[in-house]
Amino acid sequence: MNSRDELFKKRDLFLIISLMVVFLGLYWGKSQKGQTVEVFVGGKLSMQIRVAGSYELHDGDKYLMKVVFDGQKVHVENADCPLKICEKTGRVGPGGVIICVPNRVLIKFRKVSNEGVDVMTW
Amino acid sequence: MRQKDSKNLLKLDRKILLVAVSLVSVVLIIFLTSFLKAPPNYYELTGFTLGTYCRIVVSSRKGSKVLAQVIFNELDRIYKKFNPNDPASVISRINASNDWVDIDEETFALLDAAVRFSKLTNGAFDPTLGELIRLWGFDKIAEAPPSRVPSLKEIEEALKHIGTDKLELDFQRRRVRLLNGAKLDLGGIAKGYALDRAYQVAKEVDKDCTGFVEAGGDIRILGPKFGSRPWVVGVRNPRQSDAAIAYLYLTSGAVATSGDYERYFEVGGVRYHHILDPKTGFPARGAISVTVVADNAVTADALSTAGFVMGTDWEYVVLEFPKFGGNVLMVTDDGSIRRSPAMVVYEQSR
Chain F
1 MNSRDELFKK RDLFLIISLM VVFLGLYWGK SQKGQTVEVF VGGKLSMQIR
51 VAGSYELHDG DKYLMKVVFD GQKVHVENAD CPLKICEKTG RVGPGGVIIC
101 VPNRVLIKFR KVSNEGVDVM TW
Chain W
1 MRQKDSKNLL KLDRKILLVA VSLVSVVLII FLTSFLKAPP NYYELTGFTL
51 GTYCRIVVSS RKGSKVLAQV IFNELDRIYK KFNPNDPASV ISRINASNDW
101 VDIDEETFAL LDAAVRFSKL TNGAFDPTLG ELIRLWGFDK IAEAPPSRVP
151 SLKEIEEALK HIGTDKLELD FQRRRVRLLN GAKLDLGGIA KGYALDRAYQ
201 VAKEVDKDCT GFVEAGGDIR ILGPKFGSRP WVVGVRNPRQ SDAAIAYLYL
251 TSGAVATSGD YERYFEVGGV RYHHILDPKT GFPARGAISV TVVADNAVTA
301 DALSTAGFVM GTDWEYVVLE FPKFGGNVLM VTDDGSIRRS PAMVVYEQSR
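Going line by line, the protein sequences match chains F and W.
For the first sequence, my numbering gives the first residue as 1, with consecutive numbering after it.
For the second sequence, my numbering gives the first residue as 1, with consecutive numbering after it.
Hints in this document: simulated from the structure, not taken from any laboratory.
Among the clues, some could well be false.
[Claimed, not checked] A short, non-exhaustive set of chain W residues, derived as facing chain F with CB atoms under 8 Å:
1) Thr46
2) Phe212
3) Ile219
4) Trp231
5) Gly234
6) Val235
7) Val255
8) Thr257
[Said to hold, decoys possible] Which bits of chain F does chain W cover? Going by a derived footprint, with three or more residues having C-beta under 8 Å, they are:
9) 82 to 89
10) 92 to 102
Built from N, CA and C at the ideal position, the CB exists for glycine as well.
Can you make the complete structure from the sequences, with help from the hints?
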């Protein structure tokens with residue numbers, strides 16, 4: 001079999017492998033993309049959380065609550081509001097929200113795609 | 001002869017080429033116009049009104065941002081108008097009077113709808129629970145949660161001021177009168193009404209707009225996602241806030257949920273929540289979550305409250321409520337999920 005009859009030439013194989021590497025890289029990058037939690041106070045974006053940890057939320061000098069993000073889900077601790085509904089909401093993941101009406105705080109995940117749940121009824 | 005044949009063949013080849021090019025062009029045009037058409041951009045506005053968090057997701061060729069603000073202003077207008085804790089609201093004005101009160105057309109229509117839903121549900125939905133809600137301490141959103149269970153005597157006394165027989169509507173002179181110290185609280189229907197008004201306002205501005213409006217977990221669909229796809233609505237697991245027990249696929253209509261996890265307190269290991277049974281005066285038992293899908297948000301809102309109150313009679317709720325315009329998904333207190341037969345349409349219409 002001479003080189004003209006070969007199914008793939010060396011440069012074709014190189015091209016195909018390169019493309020596969022690029023696509024795999026893109027897929028891996030997308031699947032590893034971390035979640036971003038957005039915290040709004042009075043309708044204004046106050047904090048963006050990408051790294052797991054415990055974050056104190058203030059409105060000016062006033063302490064509001066502690067927002068705890070474990071990398072997958074978020075919850076509230078030690079809120080200063082009387083009803084504690086935000087604490088009772090527990091841990092929420094993408095699609096869910098935590099609301100504190102007295103402090104006008106909204107905690108939610110930033111939407112990253114058009115797939116999945118658009119809104120929750122509760 | 002050979003020359004003639006080759007000329008004919010050449011003509012045939014050209015024809016085939018022309019047809020092929022035309023076909024490819026048509027396919028390309030269809031592909032480009034259908035599949036590569038840029039989806040509409042959705043603008044999202046979040047804010048606090050109706051005593052809760054509201055989220056408006058809308059796309060309009062006439063300006064999504066402006067339309068979202070128009071919708072929010074309408075929600076806020078209705079909140080201020082029907083908030084029983086606002087001394088300037090029409091509800092406060094009616095509650096403070098012992099005589100006939102002249103009211104505007106919108107208030108009259110909403111009160112009439114509330115009375116109709118009360119009769120439809122044998123009083124399970126009741127717009128005159130103001131006194132009982134105040135007794136339990138669930139009337140103040142921003143204050144500390146109640147921690148005391150009222151005495152039986154107090155509850156019996158409050159029950160004397162409850163019932164739509166104590167709410168008189170004068171259709172001739174468009175006025176209302178509360179009898180025997182009854183107090184209005186439209187918490188079980190005003191949010192739904194606000195969402196329906198949001199829909200009307202949005203369609204008046206742009207009849208082709210799409211999106212949805214959410215107020216504290218109640219949702220009114222404005223139009224299909226990207227003009228053709230259903231919005232995916234997760235139904236919250238009442239005992240695990242980060243999980244869903246079902247997914248609804250909606251291109252129109254509304255959905256509302258009533259649950260025992262929104263506002264409650266516990267005494268002696270017993271959960272006392274804010275959805276009160278007009279017959280007993282105590283928090284309703286039997287259900288822990290009731291979700292209703294309906295053509296409009298007023299129906300979904302009122303029936304979800306009524307369905308929750310009638311939780312012990314779940315067969316009636318899931319089978320009869322569809323006749324009133326609402327399909328039900330109920331979680332009973334033993335954790336079982338009960339559905340109206342037609343709910344399957346919303347759960348599988350992906």
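Here's how the hints hold up against the structure:
Against a cut-off of 8 Å between C-beta atoms, the interface hint on W:Thr46 holds, since the closest Cβ of chain F lies about 6 Å away. For W:Phe212, the interface hint holds, since its Cβ comes within 8 Å of a Cβ in chain F; the closest pair sits about 6 Å apart. The beta carbon of W:Ile219 comes within 6 Å of a beta carbon in chain F, closer than 8 Å, and the hint placing it at the interface holds. Taking 8 Å as the C-beta contact cut-off toward chain F, the hint placing W:Trp231 at the interface holds, the least distance being around 5 Å.
For W:Gly234, the suggested interface contact is upheld, since its CB lies about 4 Å from the closest CB of chain F, less than 8 Å. Hint on W:Val235 holds. Least Cβ distance to chain F is approximately 6 Å, under the 8 Å limit. With a least beta-carbon distance of about 5 Å to chain F, the hint placing W:Val255 at the interface is held under the 8 Å criterion. Because the smallest distance between the Cβ of W:Thr257 and any Cβ of chain F comes to about 5 Å, under 8 Å, the interface hint for this residue holds.
A stretch counts as covered by a chain when three or more of its residues have a beta carbon under 8 Å from one of that chain; for the region 82 to 89 of chain F and chain W the count is 6, and the coverage holds. Proximity of the region 92 to 102 of chain F to chain W, defined as three or more residues with a beta carbon under 8 Å from a beta carbon of that chain, is established by the 8 residues found.
Of the numbered hints listed earlier, not one is contradicted by the structure.
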